[in-house]
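No gaps in the numbering here: position 9 of the sequence shown is 12 in the numbering used here, and each next residue is one more.
A couple of the hints might just be wrong.
[Stated by the list, open to error] Lysine-lysine pairs mimicking PhoX-like chemistry, simulated, CA-CA at most 25 Å apart:
1. Lys177 <-> Lys302
2. Lys276 <-> Lys310
3. Lys178 <-> Lys302
4. Lys35 <-> Lys25
5. Lys276 <-> Lys93
6. Lys159 <-> Lys190
7. Lys190 <-> Lys210
[To be verified] Per label pair, the in silico range of CB-to-CB distance:
8. Thr23 <-> Arg98: 45 to 55 Å
9. Ala77 <-> Asp11: 37 to 47 Å
10. Ala21 <-> Ser228: 17 to 27 Å
Quick caveat, the hints were computed from the structure, so don't treat them as lab data.
No residue lacks a Cβ here, since even glycine has one placed at the ideal position from N, Cα and C.
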Amino acid sequence: MFAAIISDESTRISNPSAKTTKFLKQLQTKKKIALTGTPISNSPNDLYSIIDWLSPRFLGTYYQFLSRYCITDARYPSMILGYQNLSELKWRVSRFILRRSKEEVFTDFPSKTISNIVFDLSEEERELYDNIRNLIWEELEALTITKQSLATIPVKMLRLKQATDHPALISDLKKSSKMETLQELLKGIVESGEKVIIFSQFAEMAKKIFDETSASLIIHGEVPSEKRQQIVNLFNTEPFYRVLIMTEAGAYGLNLQAASYVIHYDSPWSVAKLMQREDRAHRIGQTKSVTVYNLIARKTIDEYVLKKLHKKQKLAVELLQDVERLEAQGIDEEDIKSILRI
Numbered sequence: 004m005f006a007a008i009i010s011d012e013s014t015r016i017s018n019p020s021a022k023t024t025k026f027l028k029q030l031q032t033k034k035k036i037a038l039t040g041t042p043i044s045n046s047p048n049d050l051y052s053i054i055d056w057l058s059p060r061f062l063g064t065y066y067q068f069l070s071r072y073c074i075t076d077a078r079y080p081s082m083i084l085g086y087q088n089l090s091e092l093k094w095r096v097s098r099f100i101l102r103r104s105k106e107e108v109f110t111d112f113p114s115k116t117i118s119n120i121v122f123d124l125s126e127e128e129r130e131l132y133d134n135i136r137n138l139i140w141e142e143l144e145a146l147t148i149t150k151q152s153l154a155t156i157p158v159k160m161l162r163l164k165q166a167t168d169h170p171a172l173i174s175d176l177k178k179s180s181k182m183e184t185l186q187e188l189l190k191g192i193v194e195s196g197e198k199v200i201i202f203s204q205f206a207e208m209a210k211k212i213f214d215e216t217s218a219s220l221i222i223h224g225e226v227p228s229e230k231r232q233q234i235v236n237l238f239n240t241e242p243f244y245r246v247l248i249m250t251e252a253g254a255y256g257l258n259l260q261a262a263s264y265v266i267h268y269d270s271p272w273s274v275a276k277l278m279q280r281e282d283r284a285h286r287i288g289q290t291k292s293v294t295v296y297n298l299i300a301r302k303t304i305d306e307y308v309l310k311k312l313h314k315k316q317k318l319a320v321e322l323l324q325d326v327e328r329l330e331a332q333g334i335d336e337e338d339i340k341s342i343l344r345i
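Using the sequences provided together with the hints, build the complete structure.
Here is the structure:
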């Protein structure tokens, strides 16, 4: 038996059926501590698994939890439509939570400013985007909406994100309005002597950015772990390297305080991933204010993801009084229809 087990980045055990969660629950210990900056990573459901590890069955079984705090589809009980009794849930879990923000612990901690850079697609890009959107509409109308069929739609909708990122990812078009917006933004940052981290969820997009920017480094899933630290060291210490391009492969655990700018070339659905990205630069040891830019193609899925994150912030506020954490609970049927109406 262990004297204590500390689960760092405990959002990784937010899925009660995950192998990591099941393995951790088998370990015997006298004391348990869960550390996370985003206890609500995808939805209030994330709290269940973490609390259940700390105090087994404190919130009942998972299905009892769903029945008490979630509004589910009568036909598909595991399909969550909304939430209920959140004030009660907040009161019940509050005894487990000790929350301290960086700003509370370090009174002189540098500020973080978030700005949205909104731009229009070109006529060719808009036509491509609309064609993809219409095709998904047709596929959606032909489907009987079930949990299984719904799960296939987000994969299709990645094409919409790719269309706004760079048409060349999915078509013969060569020019990208978002890439041009990025290059214009980078010019001012680099000329000022500052360093910047650029995030994209697509490895191919990250590679395109790397090809079209100078004085840059790149980390993605194909880069070996041992080489990643070498790249981080170059970025942190060498004045020549001012741009670091990363996928989610580099969003966890790397210290990149040399950067005072973070650019979300595209935004993830998960606030845990969003915050992990920004925390690569905005962390203890940072001496400069950090500016975060979101690149948003007007009247596209980019806009909707941003609005959805802000809307779902209310869940985190209700449960944790955590106004800094934004999150979507996942993509549902109404999300899909709303996106396709844009």
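Hints and how they fare:
1. Lys177 <-> Lys302: holds, 21 Å
2. Lys276 <-> Lys310: With Cα atoms ~17 Å apart, Lys276 and Lys310 stay inside 25 Å; holds.
3. Lys178 <-> Lys302: holds, 19 Å
4. Lys35 <-> Lys25: holds, 15 Å
5. Lys276 <-> Lys93: holds, 23 Å
6. Lys159 <-> Lys190: violated, 34 Å
7. Lys190 <-> Lys210: Distance of about 19 Å is within 25 Å: holds.
8. Thr23 <-> Arg98: 45 to 55 Å: For Arg98 against Thr23, whose Cβ atoms are near 25 Å apart, the range 45 to 55 Å is violated.
9. Ala77 <-> Asp11: 37 to 47 Å: Given range 37 to 47 Å: holds, Cβ gap about 39 Å.
10. Ala21 <-> Ser228: 17 to 27 Å: holds, 22 Å
Checked against the numbered hints listed earlier, the structure breaks hints 6 and 8; every other hint is satisfied.
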